[in-house]
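**Student:** Take a look at the letters that make up each chain.
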Amino acid sequence: MEIKDSVFLVTGGGSGIGEAVAKFFAEKGGKVAIVDRQQHDIDRVVGEIMTAGGEAIGIAADVTSEADTTRYILATVAAFGKLNVAVAAAGIIRDSTMLSLDKASGKVSRKLTLEKWQAVIDDDLTGTFLTLRDAAEAMVNGGWEGLLVPISSVNKIGQIGQLNYSSAKAAVALMPKIIVGEFLMRGINNIRCVGIAPGYTATPMLTGMNQEALKDILADVHIGRLIEPRELAQMIGHCVENGALNGTTIEITGGLCNAHGIAK
Amino acid sequence: MKTLRYNDTDFLIGKTDGKLTIYRVLADGSHAVVGTGLFADVSESQAQECAQALVETIFPVGVHTVGPDVNHPHAIGDINIVGPDVGHPNFVYWNQDSTSFPR
Numbered sequence: 001m002e003i004k005d006s007v008f009l010v011t012g013g014g015s016g017i018g019e020a021v022a023k024f025f026a027e028k029g030g031k032v033a034i035v036d037r038q039q040h041d042i043d044r045v046v047g048e049i050m051t052a053g054g055e056a057i058g059i060a061a062d063v064t065s066e067a068d069t070t071r072y073i074l075a076t077v078a079a080f081g082k083l084n085v086a087v088a089a090a091g092i093i094r095d096s097t098m099l100s101l102d103k104a105s106g107k108v109s110r111k112l113t114l115e116k117w118q119a120v121i122d123d124d125l126t127g128t129f130l131t132l133r134d135a136a137e138a139m140v141n142g143g144w145e146g147l148l149v150p151i152s153s154v155n156k157i158g159q160i161g162q163l164n165y166s167s168a169k170a171a172v173a174l175m176p177k178i179i180v181g182e183f184l185m186r187g188i189n190n191i192r193c194v195g196i197a198p199g200y201t202a203t204p205m206l207t208g209m210n211q212e213a214l215k216d217i218l219a220d221v222h223i224g225r226l227i228e229p230r231e232l233a234q235m236i237g238h239c240v241e242n243g244a245l246n247g248t249t250i251e252i253t254g255g256l257c258n259a260h261g262i263a264k
Numbered sequence: 001m002k003t004l005r006y007n008d009t010d011f012l013i014g015k016t017d018g019k020l021t022i023y024r025v026l027a028d029g030s031h032a033v034v035g036t037g038l039f040a041d042v043s044e045s046q047a048q049e050c051a052q053a054l055v056e057t058i059f060p061v062g063v064h065t066v067g068p069d070v071n072h073p074h075a076i077g078d079i080n081i082v083g084p085d086v087g088h089p090n091f092v093y094w095n096q097d098s099t100s101f102p103r
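Chains X and D supply the protein sequences, listed in that same order.
Going by the numbering used here, 153 is the number at position 153 of the first sequence; the sequence numbering is gapless.
Going by the numbering used here, 36 is the number at position 36 of the second sequence; the sequence numbering is gapless.
Worth flagging that the hints you see were computed from the coordinates, not collected in a lab.
Given the structure is predicted, the values throughout are model-derived calculations rather than measurements.
Accuracy of the hints is not assured; some may be wrong.
Claimed, not checked - Beta-carbon label-pair distances, calculated as ranges: (1) D/E56 x X/T51: 52 to 62 Å; (2) X/H40 x D/Q48: 26 to 36 Å; (3) X/Q211 x D/L26: 35 to 45 Å; (4) D/I79 x X/K107: 28 to 38 Å; (5) D/E56 x X/E48: 36 to 46 Å.
Built from N, CA and C at the ideal position, the CB exists for glycine as well.
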């Protein structure tokens with residue numbers, strides 16, 4: 001599939017990885033629908049794409065809402081006449097260990113709350129499911145060639161302090177295999193699904209963190225630096241153009257080396 | 001530029017190289033881009049209709065109700081109001097028409 005003149009939907013497109021992906025495809029001649037919770041982020045990114053000569057629309061929405069998902073798919077097709085690529089980049093973290101102990105008594109002093117668990121499952125797993133499901137529905141009914149791109153994470157292997165996030169990202173990493181298997185069963189042959197599992201990426205969340213902790217993280221990365229969001233966008237661009245990539249989740253980590261397959 | 005007023009918001013519709021750009025007028029009078037590169041293949045009148053339909057899809061009119069938040073206590077002096085507790089056995093759902101206020 002060509003990037004130029006294809007129509008892209010990017011959730012979480014108002015910042016971080018989603019913003020880089022949206023701008024990359026707009027720069028390459030794609031038409032981009034940017035979905036985000038924050039209207040001011042959408043306004044900024046759509047404005048910057050227009051200034052750079054690209055084509056885009058912005059839709060403020062909550063990816064966990066079925067009604068909102070329907071609305072942003074409809075708006076994308078209304079604006080650009082079709083939908084070819086859906087990148088489900090919206091995601092949040094709410095880190096906490098499952099149990100915390102009181103040092104003096106050794107008893108449990110705090111638990112991972114249901115609110116923190118549910119918020120991450122809703123956004124990162126259910127939100128991805130809704131976007132991919134409804135994007136695929138539009139592609140099938142419209143007869144358009146398509147690609148579904150769920151964004152997993154290298155922390156799908158199990159990140160301490162991220163029981164909620166790692167659980168969601170492990171489930172998301174499985175989606176391409178299942179979706180493509182079902183497409184094969186249903187005779188849907190023109191829509192592929194490729195997941196991306198980024199390693200530690202230079203988003204504001206990481207670049208703004210404690211620099212000593214960041215140094216510790218980078219000690220395990222072979223290339224010795226964070227992945228740039230644009231490098232992830234380039235990988236997704238390659239997935240768009242290379243029709244043989246399908247039914248798998250690709251890691252892009254810079255060579256992250258974790259002892260025993262468990263993150264720190 | 002043409003203007004469009006919808007749901008108490010003003011929108012401006014401009015055309016560049018045969019494609020529409022829709023702007024939303026913000027409270028301070030500045031503009032934000034709703035969408036750009038739109039509706040190149042339709043006539044002038046159709047483009048206006050498409051622009052309005054797109055604006056209505058992106059900015060739907062609706063009421064978002066939240067609550068009752070039974071976990072949120074409101075304190076008035078010494079009185080702590082926690083309710084309504086919709087799970088309480090004395091909480092009555094009234095779903096009949098009233099003779100005083102027919103539906």
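**Student:** Indicate, hint by hint, whether the structure satisfies it.
**Tutor:** Status of each hint after checking the structure:
1. D/E56 x X/T51: 52 to 62 Å: violated, 26 Å
2. X/H40 x D/Q48: 26 to 36 Å: holds, 28 Å
3. X/Q211 x D/L26: 35 to 45 Å: holds, 37 Å
4. D/I79 x X/K107: 28 to 38 Å: holds, 35 Å
5. D/E56 x X/E48: 36 to 46 Å: Since D/E56 and X/E48 have Cβ atoms about 25 Å apart, the given range 36 to 46 Å is violated.
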